[in-house]
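Enquirer: Residue numbers (my numbering), protein chains in the order written: chain H, 258 to 752; chain R, 21 to 389.
Simulated from the structure, these hints should not be mistaken for laboratory data.
A hint or two may mislead.
What the hints assert, rightly or not - Computed from the model, here is a short list of chain H residues facing chain R with C-beta under 7 Å:
1) L557
2) K648
3) Y652
4) A707
The beta-carbon is built from N, C-alpha and C at its ideal position, and this holds for glycine as well.
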Amino acid sequence: MAQLPKNLQALQEEIEGHARAYGLDFFPVIFELLDYRGLNQVAAFGGFPTRYPHWRFGMEYEYLTKSYAYGLSKIYEMVINNDPCYAYLLECNAEVDQKLVMAHVYAHCDFFKNNLAFSKTNRKMMDDMANHATRIRRYMDKCGVETVENFIDVCLSLENLIDPHSPFIVRERPKTDEEPARPVVRRLKSKSYMNDFINPPEYVEAHRKKLEEEAHRKKRFPEDPVRDVLKFLIDHSPLENWQRDILSIVREEAYYYAPQASSKIMNEGWATYWHSKLMTEKVLKDSEVIDYADHHSGTLGGRTGRLNPYKLGVELYRNIEERWNKGRFGKEFDDCEDLVERNRWDRKLGQGRDKIFEVRRHCTDVTFIDNYLTEDFCHEHKLFIYDFNPKTGMYQITDRDFRKVKQRLLFQLTNFGQPFIDVVDGNYRNKGELLLKHKYERIELKHDYARETLRNIQRIWQRPVNIETVVDEKVRRVTFNGEEFEEKDISDKVA
Amino acid sequence: MILRIEQDHNRFKQIVRGRIKKDLKKYISSGELIGRKGKDLISIPLPQINIPQFIYGQKQTGGVGQGDGAVGTVLGAGEAEGDGKGQAGNAPGAHILEVDISLDELAEMLGEELELPEIKPRGRKNIMSTKDRYTGISRYGPESLRHFKRTYKETLKRTISTGTYRPDAPILIPIRQDKRFRSWKSAVMPQANAAILYMMDVSGSMGEEQKEIVRIESFWIDTWLRHHYKGVEIRYIIHDAEAREVDRDTFYHTRESGGTVISAAYKLCARIMETEYPPDEWNIYALHFSDGDNWSQGDTEECITLLKEKMLPRVNLFCYGQVESPYGTGQFLVDLKETYADDERVALSKIENKDGIYQSIKDFLGRGR
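Just chain H, with the same shape it has in the complex (with noise of 0.2 Å):
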């Protein structure tokens, strides 16, 4: 590994410092010095130096090659969620950049070490996805760079079927060796010439059966709709070692990412806070005020009608960080309705920083998003819902209303806007076909996708398998038993 120039070191300890005195809390930061072809790689990688062969990088690296070619993007910073913290810094990069991304990156650094989304996280993953290279590398001299590949192809393709919040969920069922007892309806005492009244047949008997249903139901596999298809493919799938493993090395990347989707606004706010901050306050000399002014902005900006996460989450940040400076926050303050006290509001509590440390541990963006974005903020920052007009063909802005921008930000941000889909019977038609269930939220899924999508998870599977999901606004079952598809609409109401 090379080492940093020495102007790059004096700045990392430089800023290093600063940051640990405002009391960031992080992992030791490496960074390395890379050019544009080394940093596009390691993009492409999704920050690691090295990953198993596959095309998907390559596709990665030719778009960001290409963008940076043409002078379309540029990669300023890029940091990896690992003990230590790996940072790259772009070779070409003038001084007030490698500042800036230094300045950045520590606050990326404390927001992995302590977000409690990423505690569950593996730290060591620099040296893992090393070892799931080797070990892919290795199924291919074994079983061919095709088959494997394909494979590789076919687990992408459920790579998102995972339960982002299984890491936290502890699930102890007591195994028992015993029979379960065959439910008996208990009865009331009585007189026999009084039974059919006390007890009367047509009670007893359904009581019975709700009983027997109750049992049958702790008999179904699974017993709860499982939220981690993926998990369950690997438990119950019949297939080969090489496979079972590739499956699990996706699944466990997958997770490892999976906090960096559901944080992503916190993440770049808190970053771009600290980076102000510690530029604007400490590290910037005068010369370089112009240019870092302009490369912020950059960050910023955006155009009109898209939210950028960076600016939402900065803006955020500081608009919490005002709040509990100034107490406006309680009951006292959400009943004041005169609006020039609510602006003059200041009890000078000044508990901002120490609030926006808070948040930072423990919000995830939905949380984030639920708990501190104010009607208020809504309207100071302009944000509105847009939705597609099937009769123009365009994105039309349709409300500013703050109930409906809030509830649609929080839908898109639940599950990574990702369409919930559960296994809820692996042993469907008592035939051992799986069965899938795509929990409706007046959306439907991408139709074409959702058939190749099955047409893969078959191949996993090997018997037959189905979705349940619901098209042009129908129930309907789609089933893939290996050669063709059926579909079959099972209800006209949508639950």
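For chain H, the structure is supplied; the task is to place chain R on it using the hints.
Expert: Relative to chain H, chain R alone:
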């Protein structure tokens, strides 16, 4: 330094290439692929290879945005994916990839995909022509061909090596031995010429979709023939009840109404062939697209006579493509089939829709003529 990613990158590019081959049929039909740029390059905006997943249908999802604008303000067209930041995920957006392929490569792919035989231009039509190319440097030549830079360099070398060069007064005077001249080589080249005569029915029954089909199909035929011949001349004839020669643009965009008298076009075509393209110098291709709804049976007979007497003896290949339209009866194809089913100079094809283009190109070019 060779990067680790190169392996993946190459693999991706191979897949993309392979994709073009495999999905050529689809591309031809969609008509998205074609765009001529510069001299002989086309740029193909290639979508990414998208691995299918369970995802939401895009058009149904809106998003949250930030900025000015009243309710109803248009933000952008539907195709541009409206990902506000709902996509807080790490899912990459739709990237657009530009792949540049030369028309020659494209023609090769077309050939491979459709298993087309190479065209062998007929021997007697190969005119040998000599062409001069300035490729070399010579010590002798006329002053008009003097190579200034080389001569200057030689002079410089000489003066420096003899010690007469004075940096303070760098005046160089070339002498006879310093002078260098451009020289040429005469190359003898076989020259194969082809003339393509397109005829299209533009009567009222030919709609936009039918023309689109003709456009796409003729693009591929052009590409293929250009791949095989050095000089290709293309003429365009449109006809309804009357026929006239037009330029390329008009050919594709005219919409007339009126009846269909096919013989008018054949007459004009035969006249152009007779006057301008003697068959011993040209490989002639005549292609006719219509919906097959001729005015009268009598006219059809006249067409067949024209074909037999004036056109077929001259052409390498006569192609008739019948584009399905809701109005045409399609009788013309049936009539031609009766007479020419076995004639190898005649290729007949029925194009039902865009997907039919694939088969039709095969029909037309599959004979290696």
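Enquirer: Against chain R, is L557 (chain H) within 7 Å by beta-carbon distance?
Expert: violated, 11 Å
Enquirer: Can we keep the A707 (chain H) interface hint, with Cβ of chain R closer than 7 Å?
Expert: holds, 6 Å
Enquirer: Interface hint check: Y652 (chain H), Cβ to nearest Cβ on chain R, cutoff 7 Å. Holds or violated?
Expert: holds, 4 Å
Enquirer: Quick check on the hint: K648 (chain H) CB to chain R CB, less than 7 Å?
Expert: The hint is violated - K648 (chain H) has no Cβ within 7 Å of chain R, the shortest such distance being about 11 Å.
The structure fails hints 1 and 2 (numbered hints given earlier, in ascending order).
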